[in-house]
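**Student:** This is what each chain is made of:
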Amino acid sequence: MTTVTPTELEVDECRERPVFLGLPGSAVFACVHLPRRPDGRLVVLCSSVGAEWKYNYRREVILARRLATMGTAAVRLHYLGTGNSDDGDVTFESMLADVSRVRSWAIEQVGPACTVYFGSRFGAFVAAAAGAATHAPLAVWSAPESGARYFSELFRVLRVGRVVGPGASDDAPDPHQALSAGRSLDVLGYTMGPSFYASARERSFEAELGPPPRSVKLIEVADGVQAWQAATGRAAELGRRGYSVDAGWVDEGRSWWFHDADWRPDEERPAVSELIEETAQWLFTVDAEGIEHEDRIHGPGRRRTTGVLQGREGPRVRRAH
Amino acid sequence: MFGVLTEPVSRPSGIDVLLLAGGVYVLSTNRNRMFVTLARALAGQGHRVLRIDYRGVGESTGVIGSYSLIDPNVADVQSAVEYLISESTTGLAVLGSCYGARAAMHVLAGHPNLRAAVLLAPPLGDTGRGDVDAANEVGPLFLSRARTLQARKIPTLFVYGERDAYYDHFRSVYPSTLKTLFEEDSSLSVRVLPGELHSLSHVRVQEIFVATALTWFPEALGAESR
Chain A
103 MTTVTPTELE VDECRERPVF LGLPGSAVFA CVHLPRRPDG RLVVLCSSVG AEWKYNYRRE
163 VILARRLATM GTAAVRLHYL GTGNSDDGDV TFESMLADVS RVRSWAIEQV GPACTVYFGS
223 RFGAFVAAAA GAATHAPLAV WSAPESGARY FSELFRVLRV GRVVGPGASD DAPDPHQALS
283 AGRSLDVLGY TMGPSFYASA RERSFEAELG PPPRSVKLIE VADGVQAWQA ATGRAAELGR
343 RGYSVDAGWV DEGRSWWFHD ADWRPDEERP AVSELIEETA QWLFTVDAEG IEHEDRIHGP
403 GRRRTTGVLQ GREGPRVRRA H
Chain X
569 MFGVLTEPVS RPSGIDVLLL AGGVYVLSTN RNRMFVTLAR ALAGQGHRVL RIDYRGVGES
629 TGVIGSYSLI DPNVADVQSA VEYLISESTT GLAVLGSCYG ARAAMHVLAG HPNLRAAVLL
689 APPLGDTGRG DVDAANEVGP LFLSRARTLQ ARKIPTLFVY GERDAYYDHF RSVYPSTLKT
749 LFEEDSSLSV RVLPGELHSL SHVRVQEIFV ATALTWFPEA LGAESR
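Chains as they are written, first to last, in our numbering: chain A, 103 to 423; chain X, 569 to 794.
Think of the hints as simulated: they come from the structure by calculation, not from any bench. All C-beta atoms in this analysis are idealised placements derived from N, C-alpha and C, irrespective of residue type, glycine included.
Some chain X residues judged to face chain A by a derived CB distance under 7 Å, without partners named:
id: 1; residue: 572
id: 2; residue: 592
id: 3; residue: 631
All chains should be modelled from the sequences, with the hints used to inform the complete structure.
**Tutor:** Here it is as structure tokens:
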């Protein structure tokens, strides 16, 4: 594995190390959050994609920083073909491969550690699958029940935007048909490729969890009653199937896709603080000792400066005034 | 503050480009990683390109403020400029979208290193999200920075979408206030692209804007860009 220009930022007495991992043309951006006194666990944060990725970005940074101050290392990544990472065809399988690659690198930075997973929205599927073989504990925010449900919800929002948005018209092709025919789709200003759709539409959260036993924290974020019903209903169902499920809900009736006119920084939103704290406390305290894990990777990785497409690219950290 | 620097493999042109994203938690990647695409393509033209997360956004520390157009993250932009200049920059170009366009105007209009600017849908008002008291007004800050760019003969491309609310405002004040800025011999020009550009909410307009910037920069920088 190669990395490019490791640089560090100190935040609340913890260190953050953003890097590009991999060879030119296939480098994945990742950032590991290193506590001052590591507690022997690593949380791998699996983001969603598209507008949800942007919507949740700051929350996930805050969550990782909070975990690090508690003593738990955390690592975040941009899947290949998204964010700062190199170009690539995003599929469920490629997302899993990226998570595996980044996790291995993070273990090199952290030292031997039990891996615990976190996923938001579609990222919950990725996190569930990534830790299925090891029965790793998992916390999720508003995990969709299935790929079909996820796309239906997303395309409903897309259709509403077409009908009521500027220059509205509803003559756009059916999203399912367009993607099934192999065409990319503009979903709320983000490109969704047919490969992603094909690789994700038949999946379900429960199937990706793998066989029990597994500790799962389900946190639903929606308006109060809806969140409570969703969290308790799904927790009960998964509990009946042998998972150890803890349900939580945060009352915030906002969308997962748009920062609206009454936007305020996540740091100043009580509901977001509650969401972060509940998630972090669970990830910090969940029993991860009994799980199987294969994350004993020793020895430093080979490192050299590498290039990205037409140029070299590297993260830069600088103190503002 | 966090940023990503994209460097050319070939000999650098000597002109660095700073990319400034819009407000409301827009990351240094911009929507649909438009700035990643743009940065890599500009590096292909020989430029070093820096894109930053404002304080409190993305990877940066702190808490973002109210995205005030009176103080559009001036310290962050100055810090980014200082970083580039500290690494032997001879010239600087900037591309900002919406709030980032106002940040670019605010900090760089009078900067001695500035050589060119692309300003995507800058609001014309100075308060709130670009509000003005009356439809025929332009914010004094906007006007002063635009006049500075004109006086210094900095090639500057204003880009609006024909459906942008800010373009409606631009059109309404053009005859009374802005026309002199865009006279035939002015270094300032405006280009209107189809659709709604301001929020970059469609992939197609993102592609058109990127193509526009990639065509315009070499023309504007011309002989200066080695």
